[in-house]
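Each chain is listed here by its residues.
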Amino acid sequence: MSSEHSTALAHQFDSPEQQKESATLGMWFFLAQEALFFGGLFVTYLLYRWRDPSAFAAGSHELDIVLGGFNTVVLIGSSLTMALAVRAAQTDRRRQLVGFLLATGGLGLVFLVVKYFEYAEKWHHHLIPGDAFHFAGPPGERTELFFSLYFAMTGMHALHMVIGVAVLAWILKRARAGEFGSHYYNPVECFGLYWHFVDIVWIFLFPLLYLIGRHYQAGG
Amino acid sequence: MSAHESAGKSYLEDGHGLKSWLLTFDHKRIGILYLLGVSFFFLLGGFFALLVRLELLTPQGDLLSPDAYNHVFTMHGVFMVFFFLIPAIPGTLGNFLLPIMIGAKDVAFPKLNLLSWYVFMAGGALTMYGLFTGGVDTGWTFYPPYSSLYSSSAVLPVGLGVFVNGFASILTGVNFMVTVHRMRAPGMTWFRLPLFVWSHYATSLIMVLGTPVVAITLVLLVLERLFHFGFFDAAKGGDPVLFQHLFWFYSHPAVYIMILPSMAVISELVAAFARKRIFGYHAVAFASIGIAVLGFLVWGHHMYVSSQSVYAGVVFSLLTMLVAIPSAIKVFNWTFTLYKGSVALEMPMLYAMGFLGLFTIGGLTGVFLGTLGFDVHVHDTYFVVAHFHYVMVGGTIMGYLGGLHYWWPKMTGRMYSKFWGLTSGWLVFVGFNLTFFPQFLLGVQGMPRRYHAYPDEWQVLNVLSGAGASVLGVGLLLPVVYFLWSLKHGPIAGPNPWGAFGLEWQTTSPPPTTNFLETPVIVHEAYDYESRAAGPAAETAPTSGR
Numbered sequence: 000m001s002s003e004h005s006t007a008l009a010h011q012f013d014s015p016e017q018q019k020e021s022a023t024l025g026m027w028f029f030l031a032q033e034a035l036f037f038g039g040l041f042v043t044y045l046l047y048r049w050r051d052p053s054a055f056a057a058g059s060h061e062l063d064i065v066l067g068g069f070n071t072v073v074l075i076g077s078s079l080t081m082a083l084a085v086r087a088a089q090t091d092r093r094r095q096l097v098g099f100l101l102a103t104g105g106l107g108l109v110f111l112v113v114k115y116f117e118y119a120e121k122w123h124h125h126l127i128p129g130d131a132f133h134f135a136g137p138p139g140e141r142t143e144l145f146f147s148l149y150f151a152m153t154g155m156h157a158l159h160m161v162i163g164v165a166v167l168a169w170i171l172k173r174a175r176a177g178e179f180g181s182h183y184y185n186p187v188e189c190f191g192l193y194w195h196f197v198d199i200v201w202i203f204l205f206p207l208l209y210l211i212g213r214h215y216q217a218g219g
Numbered sequence: 000m001s002a003h004e005s006a007g008k009s010y011l012e013d014g015h016g017l018k019s020w021l022l023t024f025d026h027k028r029i030g031i032l033y034l035l036g037v038s039f040f041f042l043l044g045g046f047f048a049l050l051v052r053l054e055l056l057t058p059q060g061d062l063l064s065p066d067a068y069n070h071v072f073t074m075h076g077v078f079m080v081f082f083f084l085i086p087a088i089p090g091t092l093g094n095f096l097l098p099i100m101i102g103a104k105d106v107a108f109p110k111l112n113l114l115s116w117y118v119f120m121a122g123g124a125l126t127m128y129g130l131f132t133g134g135v136d137t138g139w140t141f142y143p144p145y146s147s148l149y150s151s152s153a154v155l156p157v158g159l160g161v162f163v164n165g166f167a168s169i170l171t172g173v174n175f176m177v178t179v180h181r182m183r184a185p186g187m188t189w190f191r192l193p194l195f196v197w198s199h200y201a202t203s204l205i206m207v208l209g210t211p212v213v214a215i216t217l218v219l220l221v222l223e224r225l226f227h228f229g230f231f232d233a234a235k236g237g238d239p240v241l242f243q244h245l246f247w248f249y250s251h252p253a254v255y256i257m258i259l260p261s262m263a264v265i266s267e268l269v270a271a272f273a274r275k276r277i278f279g280y281h282a283v284a285f286a287s288i289g290i291a292v293l294g295f296l297v298w299g300h301h302m303y304v305s306s307q308s309v310y311a312g313v314v315f316s317l318l319t320m321l322v323a324i325p326s327a328i329k330v331f332n333w334t335f336t337l338y339k340g341s342v343a344l345e346m347p348m349l350y351a352m353g354f355l356g357l358f359t360i361g362g363l364t365g366v367f368l369g370t371l372g373f374d375v376h377v378h379d380t381y382f383v384v385a386h387f388h389y390v391m392v393g394g395t396i397m398g399y400l401g402g403l404h405y406w407w408p409k410m411t412g413r414m415y416s417k418f419w420g421l422t423s424g425w426l427v428f429v430g431f432n433l434t435f436f437p438q439f440l441l442g443v444q445g446m447p448r449r450y451h452a453y454p455d456e457w458q459v460l461n462v463l464s465g466a467g468a469s470v471l472g473v474g475l476l477l478p479v480v481y482f483l484w485s486l487k488h489g490p491i492a493g494p495n496p497w498g499a500f501g502l503e504w505q506t507t508s509p510p511p512t513t514n515f516l517e518t519p520v521i522v523h524e525a526y527d528y529e530s531r532a533a534g535p536a537a538e539t540a541p542t543s544g545r
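Heads up: the protein sequence lines correspond to chains A and B, in order.
Here the first sequence is numbered in numbering that gives the first Met the number 0, starting from 0 and rising by one per residue.
Here the second sequence is numbered in numbering that gives the first Met the number 0, starting from 0 and rising by one per residue.
Please note that a few of the clues may not be correct.
[Stated by the list, open to error] Pairwise CB distance ranges, derived in the manner of DEER restraints:
| hint | chain 1 | residue 1 | chain 2 | residue 2 | range |
| --- | --- | --- | --- | --- | --- |
| 1 | A | 112 | B | 372 | 39 to 49 Å |
| 2 | A | 169 | B | 469 | 47 to 57 Å |
| 3 | A | 16 | B | 288 | 19 to 29 Å |
| 4 | A | 123 | B | 16 | 40 to 50 Å |
| 5 | B | 59 | A | 34 | 50 to 60 Å |
| 6 | B | 375 | A | 125 | 44 to 54 Å |
| 7 | B | 22 | A | 173 | 46 to 56 Å |
[Unchecked claim] A partial selection of chain B residues facing chain A, derived with a Cβ cut-off under 10 Å:
| hint | residue |
| --- | --- |
| 8 | 132 |
| 9 | 170 |
| 10 | 458 |
[Claimed, not checked] Okay, derived cross-link-like pairs now, DSSO-like style, lysine-lysine, Cα gap no bigger than 30 Å in a straight line:
| hint | chain 1 | residue 1 | chain 2 | residue 2 |
| --- | --- | --- | --- | --- |
| 11 | B | 235 | A | 121 |
| 12 | A | 114 | B | 235 |
| 13 | B | 8 | B | 487 |
Worth flagging that the hints you see were computed from the coordinates, not collected in a lab.
Computed from a predicted structure; not experimentally measured.
Don't be surprised by glycine CBs; every beta carbon is placed ideally from N, CA and C.
Bound conformation, chain A alone (with noise of 0.2 Å):
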């Protein structure tokens, strides 16, 4: 958030510690904004669900849980070498901060990678909702909303990761010159909050999304 001069002190702080607090309650503020913005899809999801669970059943059956379970352990991975990345920020370990980098923003392209092949396998099953949708389901259930939902929800999610991974390169960039050490460190831990959110995001689409055809399925 203040990179102006980045390490120095920006003009309008008359301290470190005053811009430290500064930046990081920022970032909280925004993620509440975040908080809401995803909020909006959850209370859609609640409602469609609710007056409909077997749609969404069926529709969640469709969803591989396989890839679905791996990148959620790529996700929770890459938030411990996040957290992991700040401690070594803090503590002067510039190597390991690189390192450290580097592995949160490789995991986060597997997860994309990922995505992009789970979305893919949807387009040659017709899952795609809009004209071409087509699932061979009793007439009149919302399984053509539960995936516009999937899609909707999990699309915000992953355009999140892309953002998260080129604002990380930045971060990276600046970790390779030097720049953050135990003096200065604040885009590291902003960062690293936006990202364990956008982590945090999942843990609640995985078992919204995946999980709830197999618990219908094992109850009949």
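With the hints as your guide, set chain B onto chain A.
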């Protein structure tokens, strides 16, 4: 950004040329940029209002086709709501004054502040692109299926323009909140903050928590329109009413984004010209937060007739009436402040008095409309139109103009003509009432909104309304002339032309780039006129950089 070598220079002289403005990080210059931006969109929105009133002069549709009329009132609403009313006061007066009032050098994130202006202008440009490629005929509310299946107009660019513009609000909100939390000068405790700052804090809260919801709603609408995702399409099991819920979850609180900053201005005007501390300072401060919080719980009162359950309607009706409590606390406390004060009827005070009367009418008719049974009777009639124009024009624009007239000498260093200021103020007041009071009567008689033609018996009231609108238009255009005139020919204002209390009046007019030459230390309560009048000891405290 060169804070050191420019110390002492006024922010207007610190850098010349277009580039020094377009790439500035100075909150004061960004405030001026916002002033130019919102003024442009206000004129655009006003042009469409003019077309509406012209069409309604006669009962038949003889100027505009029904379809063109739909476009015209929609574009009036879109530009006025999203590109004028929401950003006007926070963007111009808020940006300019909030850091100065708390004794800071700038907002917490100056770059984001500039970005917010560009995002705002980009949203406006996208919306104007939509205007020139077909316009929109859905009403500013974009209800599906008007906006999804049945509109051949440019819903996409306009919807995206409003979406983009939302992020300008969010950036401003985050910036203001962090600034108030972290940038206050030594001694500036929360309860020494001017009420302007409290009200802007409450506004920011709504911007940050409300705007993202309308943003995602517009994304869903775009997905529906582009790819037929079906979220609001009943044929696919979707629900068009869900859109209304999500839309009003933001757009009702957005009404408080518009009115709270105006209340912020009124608090300052009343204290300055009554030469008194605001009566019940704490109550007014908390009323701002109360309005912000309650504002999130009342969206259902827009949907009494939209298949919402009657029980939900009753609850929303009750919650809506609760909003009247903090609003009335403010109005009563301003009135008590004036009571037995030696009120100086300076030019900006005219707007504050106008606000008190007009906002009271707007607010009370809001209670009428919050009442379930009465609302069903006047739903979608001119009663609703009159009500929200009393709040938006009688409230927000009165506050905005009052604020501009009050702080203009601070922003530019020059004073405008008092005579023309008073003339304009009276024209606005009389023209406004003549425009919108007849619409209450039309509404009660059942004239529906958004129609281009009407039965003959309503012509007299409509002509009155049109006549009022032309007076109002003249009153609103006059300030453009005398403000511009004052830039070159106005008398030099001096640091404190009103003899008011507050940090912004302790620095020069116009202020230096860093706002203060040395960081002020605050030892007084806000509006502490009593102690200033007490004697020379207190008098010297401000000049030594308080």
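Evaluation of the provided hints:
Distance hint check: the CB atoms of residue 112(A) and residue 372(B) are about 59 Å apart, inconsistent with the given range 39 to 49 Å. Judged by the Cβ atoms, the range 47 to 57 Å given for residue 169(A) and residue 469(B) holds: they are separated by roughly 54 Å. Taking 19 to 29 Å as the suggested C-beta distance range, the pair residue 16(A) and residue 288(B) conforms, at roughly 27 Å. Remark: the range hint 40 to 50 Å for residue 123(A) to residue 16(B) is contradicted by a beta-carbon distance near 58 Å.
Between residue 59(B) and residue 34(A) the CB atoms are about 52 Å apart, so this pair conforms to the stated range of 50 to 60 Å. Hint check: residue 375(B) to residue 125(A), Cβ distance near 45 Å, so the stated range 44 to 54 Å holds. Range check, residue 22(B) to residue 173(A): about 22 Å between beta-carbon atoms, so the 46 to 56 Å window is missed. For residue 132(B), the interface hint is violated, since its Cβ never comes within 10 Å of a Cβ in chain A; the closest pair sits about 24 Å apart.
Here the hint on residue 170(B) is kept, as its CB sits about 9 Å from the closest CB of chain A, short of 10 Å. Violation of the interface hint for residue 458(B) is found here, the shortest Cβ-Cβ separation to chain A being roughly 44 Å, above the 10 Å cut-off. Of the supplied pair hints, the one linking residue 235(B) and residue 121(A) holds, its CA atoms being roughly 19 Å apart against a limit of 30 Å. The straight-line distance between the Cα atoms of residue 114(A) and residue 235(B) is roughly 26 Å, inside the 30 Å bound, and the hint therefore holds.
Note on residue 8(B) and residue 487(B): the hinted pairing holds, with a Cα-Cα distance of about 19 Å set against a maximum of 30 Å.
The structure is inconsistent with the numbered hints 1, 4, 7, 8, 10, although it conforms to all the rest.
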